[in-house]
Amino acid sequence: MSETFDFTNRLKLICLILIAIGIVSLTFGYLEYAGPESYHQRFWANILVNNFLFLGVAVGATFFVALQYVANAGWSVAIKRIPEAMGAFIPIAAVLMLVFYFAGGKNLYHWIHELHKTVPDAIIAGKSSYLNEPFFIIRMIGFFAIWSFFWWFFRRSSMKEDQTGGLDSYKSSRRLGSIFMILFALTVSFASFDWLMSLDPHWFSTMFGVYSFSGIILHTIAIIAIIVVFLKRKGYLKGTNENHVHDLGRLMFGFSTFWIYIWYFQFMLIWYANIPEETAYFKHRVEGPWLGYFIANAVVNWAIPFFALMTRNSKRNLMNVTIIGIVLVFGYWLDLYVTVFPSAVGVIGETGMMPLPPSIGYLEIGGFLGYIGLFMLVLGRFLSKAPLMPKKHPLLEESLHLHT
Amino acid sequence: MSEYVSSVRQPLVKDVGSLGEVTEAIANPLNRKPNIYWYAFFIPAVIALIGGIAATSYQIKTGIGTWGNNNSVGWGFAIVNFVFWVGIGHAGTFISAVLLLFRQKWRNSINRAAETMTIFAVICAGLFPVIHLGRIWFAYWLIPYPTGRHLWVNFNSPLLWDVFAIGTYFTVSLVFWYLGMVPDFGTLRDHTKTFIKKKIYALLSMGWSGSAKHWSRHEAISMVLAGLATPLVLSVHSVVSADFATANVPGWHTTIFPPYFVAGAIFSGFAMVLTLMIIVRKIYNFEKYITLYHFEQMAKIIILTGSLVGLAYTTEFFMAWYSQNPLEQSAFLNRVSGPYAWAYWIMVTCNVITPQLFWFKKIRTSIPLIFILSIFVNIGMWFERFVIVMTLHRAQNPDGFGMYTPTGIEFTEFIGSFGLFLTLFLLFIRFGPYIAISEVKDLTAKKLNEEKGV
Numbered sequence: 001m002s003e004t005f006d007f008t009n010r011l012k013l014i015c016l017i018l019i020a021i022g023i024v025s026l027t028f029g030y031l032e033y034a035g036p037e038s039y040h041q042r043f044w045a046n047i048l049v050n051n052f053l054f055l056g057v058a059v060g061a062t063f064f065v066a067l068q069y070v071a072n073a074g075w076s077v078a079i080k081r082i083p084e085a086m087g088a089f090i091p092i093a094a095v096l097m098l099v100f101y102f103a104g105g106k107n108l109y110h111w112i113h114e115l116h117k118t119v120p121d122a123i124i125a126g127k128s129s130y131l132n133e134p135f136f137i138i139r140m141i142g143f144f145a146i147w148s149f150f151w152w153f154f155r156r157s158s159m160k161e162d163q164t165g166g167l168d169s170y171k172s173s174r175r176l177g178s179i180f181m182i183l184f185a186l187t188v189s190f191a192s193f194d195w196l197m198s199l200d201p202h203w204f205s206t207m208f209g210v211y212s213f214s215g216i217i218l219h220t221i222a223i224i225a226i227i228v229v230f231l232k233r234k235g236y237l238k239g240t241n242e243n244h245v246h247d248l249g250r251l252m253f254g255f256s257t258f259w260i261y262i263w264y265f266q267f268m269l270i271w272y273a274n275i276p277e278e279t280a281y282f283k284h285r286v287e288g289p290w291l292g293y294f295i296a297n298a299v300v301n302w303a304i305p306f307f308a309l310m311t312r313n314s315k316r317n318l319m320n321v322t323i324i325g326i327v328l329v330f331g332y333w334l335d336l337y338v339t340v341f342p343s344a345v346g347v348i349g350e351t352g353m354m355p356l357p358p359s360i361g362y363l364e365i366g367g368f369l370g371y372i373g374l375f376m377l378v379l380g381r382f383l384s385k386a387p388l389m390p391k392k393h394p395l396l397e398e399s400l401h402l403h404t
Numbered sequence: 001m002s003e004y005v006s007s008v009r010q011p012l013v014k015d016v017g018s019l020g021e022v023t024e025a026i027a028n029p030l031n032r033k034p035n036i037y038w039y040a041f042f043i044p045a046v047i048a049l050i051g052g053i054a055a056t057s058y059q060i061k062t063g064i065g066t067w068g069n070n071n072s073v074g075w076g077f078a079i080v081n082f083v084f085w086v087g088i089g090h091a092g093t094f095i096s097a098v099l100l101l102f103r104q105k106w107r108n109s110i111n112r113a114a115e116t117m118t119i120f121a122v123i124c125a126g127l128f129p130v131i132h133l134g135r136i137w138f139a140y141w142l143i144p145y146p147t148g149r150h151l152w153v154n155f156n157s158p159l160l161w162d163v164f165a166i167g168t169y170f171t172v173s174l175v176f177w178y179l180g181m182v183p184d185f186g187t188l189r190d191h192t193k194t195f196i197k198k199k200i201y202a203l204l205s206m207g208w209s210g211s212a213k214h215w216s217r218h219e220a221i222s223m224v225l226a227g228l229a230t231p232l233v234l235s236v237h238s239v240v241s242a243d244f245a246t247a248n249v250p251g252w253h254t255t256i257f258p259p260y261f262v263a264g265a266i267f268s269g270f271a272m273v274l275t276l277m278i279i280v281r282k283i284y285n286f287e288k289y290i291t292l293y294h295f296e297q298m299a300k301i302i303i304l305t306g307s308l309v310g311l312a313y314t315t316e317f318f319m320a321w322y323s324q325n326p327l328e329q330s331a332f333l334n335r336v337s338g339p340y341a342w343a344y345w346i347m348v349t350c351n352v353i354t355p356q357l358f359w360f361k362k363i364r365t366s367i368p369l370i371f372i373l374s375i376f377v378n379i380g381m382w383f384e385r386f387v388i389v390m391t392l393h394r395a396q397n398p399d400g401f402g403m404y405t406p407t408g409i410e411f412t413e414f415i416g417s418f419g420l421f422l423t424l425f426l427l428f429i430r431f432g433p434y435i436a437i438s439e440v441k442d443l444t445a446k447k448l449n450e451e452k453g454v
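Read top to bottom, the protein sequences are chains A and B. Residue numbers are given in the working numbering: position 122 of the first sequence equals residue 122, and the series is strictly consecutive. Residue numbers are given in the working numbering: position 313 of the second sequence equals residue 313, and the series is strictly consecutive.
Treat the hints as calculated values from the structure; they're not laboratory data. Computed from a predicted structure; not experimentally measured. We put the CB at the ideal spot given by N, CA and C, even for glycine. Please note: incorrect hints may appear among the correct ones.
As the list claims (entries may be wrong) - Taking lysine-lysine pairs in the BS3-like style, the calculated list, with each CA pair at most 30 Å apart, reads:
(1) Lys361(B) x Lys446(B)
(2) Lys197(B) x Lys300(B)
(3) Lys117(A) x Lys283(A)
(4) Lys391(A) x Lys193(B)
(5) Lys300(B) x Lys160(A)
(6) Lys197(B) x Lys171(A)
(7) Lys392(A) x Lys446(B)
As the list claims (entries may be wrong) - Not close to chain A: a few residues of chain B, all C-beta gaps over 10 Å, as computed:
(8) Val8
(9) Ile64
(10) Leu308
(11) Trp342
(12) Arg430
As the list claims (entries may be wrong) - Partial list, derived from the structure: chain B residues whose beta carbon lies under 10 Å from chain A:
(13) Ser6
(14) Trp152
(15) Asn154
(16) Asn156
(17) Leu234
(18) Ser235
(19) Asn248
(20) Lys300
(21) Trp359
(22) Lys362
(23) Phe401
(24) Met403
Just chain A, with the same shape it has in the complex:
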């Protein structure tokens, strides 16, 4: 059971090629899309989408590990090294996010400009005890400190358990896991208010934190499923069987439906009450050229997985689960694209920001591929650092005998 993932040169090369594509597209994009007042809005909006996406699944993976401990879940022990390795992207995402902010990404946040005016907008000025630059940065660092610590802790105690055995690591992970549940809920809510919702500083929705959570957990599970199937194909994870994939497929199916539930109610309640300050957000997305993307979001993240994972056999078919997993990864990008771009990329007119029509070019595709390469590189390195199967987890045998 002490198999270790071999991060071959071929795989490394693929990652590096993807990263190179990313760097080239981003560089050209930066030079080409100097927006109004040279804010490079489109460039930075791309960085924000990718930062949030990969940070989200890294934090989501850490949450997944904690959740398995807190819920005392046995089935997932054989695959827990995968979310543990995914969490390694958190410190990297922290650097990327700080670079994003200080190198010019903060120009996406219209409220920062507004606060520098002699007579700022009254509503934005009213929010300034929360939305101000120093507090924004302090919160950002705080979120990353919390997430990084818990990822480090869970991984370290999992490694220690391999050496020493016993119940100490298991018990301390359970204890800290339950604390992380609370911190995770708070940090994810407020991080999404800060980084995504405040792009449109007049708009607010209490559901927004739940919406971000539903996206994070759904797409984290999709990525875990892709990696499990990939490793199985390569001959690793011999202790797992199609029941593990089946369980991941069930979770994908369930959380996809949870996601559309949140998506629908957030939209429906705002549409129904029809208050201009709230509908402003959806108006840009359902009127004009963004409508197709708005609907495609619901189709890709819910309709396709829902019908493709309905039957028992479809969830036990490794190929099918991988395809739907990949669809969902692109779906997450689309979800964030529709969330970020109409709020961040546009022209300031008399009636506020008018978004530019959607246009997916080499910058969007290349940038996303580059981030995928970087994520895979980090993941591959951390997967190859430790045995793929925990050795002395007290619930390991339950996972190896999983039969549903």
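Take the given structure of chain A and dock chain B to it, following the hints.
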């Protein structure tokens, strides 16, 4: 289900010698006269029920004017009690459907009582909107069908969505509950001596023989119904929350309401399950089947859902400030410091603060403390709905200001709903399979095999 069970897991049944012992323990009390504890609960429940019937009859005859509702607070106790009881009705389906899908075996010895509670709670809930109709004899107008009147229901109204959401939920829960009992009715049929009882159980068991074919069908339908019931757990209370959230009322119109109401519903439902299971365990001495471990697990769900409710309160408050909308802000300030602030603080204490005591193992393993804290949650969750509805006492203009004082009729009807609920529940545990015999046997068989080393 993985047959292998790790040694860190606690046993789900304790000191049971044989499968026959399980049947005896659960079926025998149904053939005896109930003990003093049962009467101690049943008699007050029936008295409360009679009071409720009398008050409701008077109210229907006289009119809604017997209530304290007024122009500002058009919804009073009726909607508070309605949402309260619907919320209670969530735990049963959560335990039987969601926990079944998540393979939580500990649900086996409490699921039946929880499902029963769901059915009766939804009945209590449904009564309040109906008696609020004013002209109750036109209740069938809620159902859309083509008539010569050319009068259709208002499909745009969330109150109508409630009719469908709760109707669906009740139907599916009822079918799920009944089908789950079929094998147990079979056992009871074979175990009772009285002629009439035997006939009734035989009728209800639909010719159950316990053959492999029957079991295979039974398990398949259970999984399908669990899959259907799971989205219903979320949809019912989401639709109920839409009654408030679709309105342009500051303090009501907030997008987090659907998931927040669902979390609150599961929270209140589990509190009620705890309260009732502690009573049932006392009446029938079921320490072997309903162990401390069950209560501990439920206490943990209370922490989880209570914290989610706390997160929703925090988000609502933060967002009311963040919106910089003076009406939103004043609605929330008024909750904290207005004339109904006492209700708000009862709500926060009982829902957010006291459930956190369950973090301590000493507290969540002490039956008296669990009982007290579960009652706190019941109180807190009733007040949550009261606080939300009382948002109405301050409209945007002073002409819409007005206080609400419930009348004696409303109190009697509220207590009457508890009477109805407890009467039905106590009658059920007197005559029905209040613990899922076959599912507990499943756990016992596994435990016995393990001990024998099979």
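Evaluated hints:
1. Lys361(B) x Lys446(B): Cα-Cα ~28 Å, so holds.
2. Lys197(B) x Lys300(B): violated (40 Å)
3. Lys117(A) x Lys283(A): holds (27 Å)
4. Lys391(A) x Lys193(B): violated (56 Å)
5. Lys300(B) x Lys160(A): Answer holds: Lys300(B) to Lys160(A) is near 28 Å, not above 30 Å.
6. Lys197(B) x Lys171(A): violated (51 Å)
7. Lys392(A) x Lys446(B): holds (25 Å)
8. Val8: violated (5 Å)
9. Ile64: holds (27 Å)
10. Leu308: violated (8 Å)
11. Trp342: Non-interface label stands for Trp342(B): nearest chain A Cβ at 25 Å, farther than 10 Å.
12. Arg430: holds (36 Å)
13. Ser6: OK, holds: Ser6(B) within 10 Å of chain A, min 5 Å.
14. Trp152: violated (19 Å)
15. Asn154: violated (13 Å)
16. Asn156: holds (9 Å)
17. Leu234: Status holds, d = 6 Å.
18. Ser235: holds (8 Å)
19. Asn248: holds (5 Å)
20. Lys300: holds (9 Å)
21. Trp359: holds (8 Å)
22. Lys362: violated (16 Å)
23. Phe401: Result: violated, 22 Å to nearest chain A Cβ.
24. Met403: violated (26 Å)
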